[in-house]
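*Asks:* Listed below, chain by chain, are the residues.
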Amino acid sequence: MFLAPGLTAILVLFLVPIAAALLLSLTDFDIYALGDTANVRFVGLRNYARLLADPLLWKAMRNTALFLFVGGPLTIGVALAAALLLQSRAARLRGLFRTIFFAPYVTTLVAVAVVFRYLYHPRFGLIDHALGRLGVPPIDWLGDPRWAMPAIILLAVWKNFGYATILLVAGLQAIPESLYEAARLEGAGWWQLFRRITIPLLSPTLLFLGVLTTIGYFQFFAEPYVMTGGGGPLNATLSVGLLMYKAGFRWWSMGYAAAVAFVLFVVVLGLTAIQFRLQSRSGA
Amino acid sequence: MRRGWSSVLVPAALVAGSVLALTPLVWMVSASLMRPGEASEFPPPFWPSRPTLGNYVELFTRLSLGRALANSLLIASATTLGVLLLNSMAGYAFAKLRFGGRERLFRILVAALVIPAPVAMLPLFLMLRSVGLVNTYLGAILPGTAGILGIFLIRQFARSIPDDVLDAARLEGAGELRIYWTIVLPLLRPVLATLAIITFLATWNDFVWPLVVLTDESRYTLPVALASLIGEHVPDTELMMAGSVLTVLPVLLLFLLLQKQYIQGITLGGVKE
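Residue numbers (this note's numbering), protein chains in the order written: chain A, 219 to 502; chain B, 133 to 405.
Don't take every hint at face value.
A short list of chain A residues far from chain B (calculated; beta carbon distances all over 10 Å) [said to hold, decoys possible]: (1) Phe260; (2) Pro273; (3) Lys277; (4) Gly295; (5) Val354; (6) Pro363; (7) Pro368.
These stretches of chain B come out as covered by chain A in the derived footprint (C-beta under 8 Å, 3 or more residues) [what the hints assert, rightly or not]: (8) 155–163; (9) 173–185; (10) 241–254.
Stretch-level coverage of chain A by chain B, calculated; a stretch enters the list once three of its residues show a Cβ under 8 Å from a Cβ in chain B [unchecked claim]: (11) 320–326; (12) 459–472; (13) 485–499.
Treat the hints as calculated values from the structure; they're not laboratory data. Built from N, CA and C at the ideal position, the CB exists for glycine as well.
Here chain A stands alone, though its shape is the one from the complex (with noise of 0.2 Å):
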């Protein structure tokens, strides 16, 4: 009884529209089914085959595993460094500064890429006018199509690295203070104690935060969505979720675009096995 109105809700709103994105994978549901459901067909793995041979499918595929594989490390490097800093026993003000790292992840996503959308402004961007101070050229960020990816990735570490900064913040505090006394006594010096002590005792929190960025990163729409133009500059920085979004609410090819929602569920899936998988080796 008391379960019924929560579990109806994830059943109808969650689990059965997954199921039937299947379903839809496998049709040819677009504008004219829109109109009259009697257009749909059923047409197999077609738009499996017709995705894979799609390049844009590719190039959507490589600029998102790039947001991943070089803006998750990064975000979670940046949020190890500062957890380890506020850690210090040399750190004063820990909340204060604790409560500054986290403000950029608690911003509206849409509100902070229009702002970096001008922080990025070749001419009258902040960024590019302090590196002019350093003698850098002006960078044209979102307007070249090797800088785009690059300035998106920034704005994913600056929002998120507070978030996994509190985390691990909880995972130090969590780590016994007599194994590093114990670790000094013996002689081991701080890289030492880092890799054969924080590191391993960090690992589960390490996971938890790798599976959630993979999740989360993944998924990255918004930023292109408002900064680019929508996945420009020559597609630079299309997304496999953009690319949904355009298959299916653009062009109306529904089917279409729920073969590339499963595309991405399935890589997904697979991301995260491989995680549980290599966090349960290290740790035997």
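Position chain B relative to chain A; hints supplied.
*Replies:* Just chain B, lined up with the frame of chain A:
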């Protein structure tokens, strides 16, 4: 010797990190107070020469972003209430009520947490369309109430409620719904506050779903309105910054106010994995 170094380097690094973290937000506020065109002068100024609220006036009068603000408030509040009710009931049931297959059902739900939400988006849109909920507030609210994370949070917390308290109430003849409403809910208050702020912020900041389901401009939430605004107002840096401040400020203030609850929820969800 090393201790001496770190007592200077650590605070310096923390201050440098804070400057990097805050500069974009400070500039956003500062540029929103500039005269039109001022941010596009060369060299770009960081502070307004004469601060003005003109951009905000324009947002609320000519661009009717007040409407989007009201929409965002309505949708985020309603979603939060729905999540609190549904998740507290289910989380309590998973923690305290006995029924067959309880643990297995719960494990299935936790496993479903790794499913990326956009996978459900297309069929969800078609389903809501077939019942006439596209371009309605209800259509924007409903999918957000299908939360799993909240059930997880509530369950963790509800486990600490002593069974004696519940059994005593049952012996006195109280119905299950009454027990839930008068005993369980008050005991859950701390975790409900946590869940409320997490849900409110997530719904407020959400972009994809409202973008898809709300087609009429008068129903846009702030992020959707902002994204559509930048299409026409790219050169109006100061105006766009005022819009960004309007979007970010409510959640930032809410976070600063309820920081403790929010961070508790995040670490509770994280450590337990």
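*Asks:* Next step is simple, just say for each hint if it's right about the structure.
*Replies:* To see whether the hints hold, each was checked on the structure:
In this structure A/Phe260 is separated from chain B by more than 10 Å, as the shortest Cβ-Cβ distance comes to about 16 Å. Residue-level check passed: A/Pro273 sits 22 Å from the nearest beta carbon of chain B, beyond 10 Å. Once the 10 Å rule is applied to beta carbons, A/Lys277 is consistent with being away from chain B; the minimum gap is 19 Å. The Cβ of A/Gly295 lies farther than 10 Å from every Cβ of chain B, with a closest approach of about 13 Å, so its non-interface assignment holds.
For A/Val354, the requirement that its beta carbon stay farther than 10 Å from each beta carbon of chain B is met, with the minimum near 15 Å. The Cβ of A/Pro363 lies farther than 10 Å from every Cβ of chain B, with a closest approach of about 20 Å, so its non-interface assignment holds. No Cβ of chain B approaches the Cβ of A/Pro368 within 10 Å, the least distance being about 16 Å, so the stated non-interface status holds. Note: the segment 155–163 of chain B has 6 residues with beta-carbon separation from chain A under 8 Å; the three-residue rule is met and the coverage holds.
Residues of the segment 173–185 of chain B with a Cβ under 8 Å from some Cβ of chain A number 5, which satisfies the need for three, so the listed coverage holds. Restraint check on the segment 241–254 of chain B versus chain A: 11 residues with Cβ-Cβ distances below 8 Å, three needed, restraint holds. Judged by the Cβ-Cβ criterion of 8 Å, the segment 320–326 of chain A is covered by chain B as claimed, because 6 of its residues qualify and three suffice. Counting residues of the segment 459–472 of chain A whose CB lies closer than 8 Å to any CB of chain B gives 6, which reaches the minimum of 3, so the coverage claim holds.
For the segment 485–499 of chain A, the proposed coverage by chain B is satisfied: 3 residues have a C-beta within less than 8 Å of a C-beta in that chain, meeting the threshold of three.
In summary, the structure agrees with every hint in the numbered list given earlier.
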